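**Student:** Those protein sequence lines, which keep their order, are chains B and P. One rule links them: number in the working numbering = place in the first sequence (from 1) + 1. One rule links them: number in the working numbering = place in the second sequence (from 1) + 855.
FYI, nobody ran anything at the bench for these hints, they're computed from the structure. The structure displayed is predicted, hence computed values, not measured ones. Every clue listed holds true.
30 Å max Cα-Cα, derived BS3-like pairs, lysine-lysine:
1. P:Lys1291 <-> B:Lys101
2. B:Lys101 <-> P:Lys1336
3. P:Lys1336 <-> B:Lys126
4. P:Lys1146 <-> P:Lys935
5. B:Lys15 <-> P:Lys1291
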Amino acid sequence: MLEIKNLHASIDGKEILRGVDLIVPTGEVHAIMGPNGSGKSTLSYVLSGRDGYDVTDGEILFDGKDIVEMPAEERASAGVFLAFQYPLEIPGVATMTFLKAAMNAQRKARGEAELTTPDFMRRVKTAAEKLNVTQEMLRRPLNVGFSGGEKKRNEILQMALLEPKLAVLDETDSGLDIDALRVVSEGVNALRDPGRSMLVITHYQRLLDHIVPDKVHVMSAGRIVRTGGPELALELEAKGYADYAGEAA
Amino acid sequence: MPAIQETVDQVSQIDVDQYKYGFVTDIESDRAPKGLSEDIVRFISAKKNEPDWMLEWRLDAYRRWLTMTEPTWSRVHYPKIDFEDLYYYSAPKSTPGPKSLDEVDPELLAMYEKLGIPLREREILAGVEGASDRRVAVDAVFDSVSVVTTFKEELKKAGVIFCAISEAIREYPEIVKKYLGSVVPVTDNFYATLNSAVFSDGSFVYIPEGVRCPMELSTYFRINERNTGQFERTLIIAEKGAYVSYLEGCTAPMRDENQLHAAVVELVALEDAEIKYSTVQNWYPGDKDGKGGIYNFVTKRGDCRGDRSKISWTQVETGSAITWKYPSCILRGDDSQGEFYSIAVSNGYQQVDSGTKMIHLGKNTKSRIISKGIAAGRSDNTYRGLVSAHRKASGARNFTNCDSLLIGDKCGAHTVPYIESKNASAVFEHEATTSKIADDQLFYCLQRGLSSEEAVALIVNGFVKDVIQQLPMEFAVEAQKLISISLEGSVG
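All chains, please: the whole structure from these sequences, using the hints.
**Tutor:** What follows is the structure in structure tokens.
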């Protein structure tokens, strides 16, 4: 599904990713952990094609195809989804309107017919109920005045509706209390699918209690420095990132 | 004084030239020669078969105009206009005054189609009966002469007069005499005075006492002659307890040379009357290098002359190279209300200096201003507004909200509010925000699969929602599309 080879990327001339190698097979959930500034969020932006990052070397193979030159919206339609650490607000645009615009834009890009309104409503209703997203929330402008938990649930709702092949979850646990964390994690777990890969980026182990990964990677100074099973997260929790500080410097 | 002397000299010089070609007697010609003089004013008046009083009114305006200078206080920049290099009268090629739609040039009808006149209205223009329960009467203005006026008879049954102002001058001189220039005086400003001298045509609406106009009245403008100054003149009168909603929509084809458009719109609302005036303006804004485009210097003003009267302006401005426009309300009657809802979009090298004036004269008068300015490209977008309370305007209230949205980093948004209160009991509120479509907001939309153009359209439509909701339904959809089209290519 996802194969990153020797990925180097920089922003404003400063190299952040210094040769990332990573393979996430189809249907697996991988976690990336690491200290602040190790390049985790940059990796999520480079994967999703955000402007301003220069890929200076390496490849990102998605479904076997290099997507480094592909514009962000095409990657989205091809099935790359990023759940934002800080979801953006769009005043005056109802959440419902945004969902429909996004779903239809992707369908159009894939050459599929636009959803009929009843079909769209049914899909939203089903997905929203699972995530405790109320009708009232769907009518409010996108993320405007949403609590931290509401914003993250809204991200997972979008992921559920857009049905990506690869979901990158960037610090989805940040700003969540225990209850909200559980709701969001359950939402994510419900979307685990043999045809879908996930890359869960987090600073803390606690999210991985809820979303148990197949593999854990440790990122430091712009590279994957260690890979292991779920137990690696527990080890990091106990010992901290001190062992990797040397490589970060 | 030298400048004025120069103008006078130029004018007399041109008079001589023009006389040489004998144009003054050539009433049949479709177009007056370039330039402006008393003879041109007489020519226009004669073309319209106007009564003497109208000619005198025009000549008086022309003489006053000669003594005036162009205003320079607005935040717009353009090369000096050579008023002698413009045509002040031009008629469309088709035979004037058709008796029915069959007589209308098919090319004109085809142009309506290109203009995107809603299907239903086109059907009405094409004479399809019962196209809709809610009918729209269209008084189409092509360059300078009203070509088609529909539903006139039916409106007449309700006692509503909706016709070309040139016709009103001939048919209803007493009403025209009473109200023309009563809201925007002949001497109001340089462009209004020029309009008073040379106005070509426009709409006249009269709603008698207690009548609710049975349909929305609509005028489409189009400038389609090279180098033609357009000087529309519109006068709308709502008698006691009357109601009317008037829609105005405009487009213009591509062209290189700048065109001057200086319209005057006067609204008069008597006791308990209400006038709703909506505009969608998308004249040619100039090319990507800022070449060409319409100069839109408009004077629009409504007079809430009677107690409890109400005037509401709604405008969506996307076109023109330069827009200079302040639809205003004089709240003269006690308990009268004025509203101004505006969306002004500028892209490329467009310059917009627009806003409103709410003049509170009567007691317990209320006004509301919602202005949304969107600047993209290298454009400049200024809101300029005045809210004032006269010393007798006790209990006057105003709420103003001015929001600006910037797209890119080469455009400018400016807000210039003037507030004057001479009455201690007046309550004026002003809110203003400036925001930018942030890169991360755009990226968020792209990441969900929207193209950058779809993303901008979505964000902008959210931004202008409060104003779009004020538009009549058929305009709202068109306006949203128009805004998206106007901002194409503003990112990426």
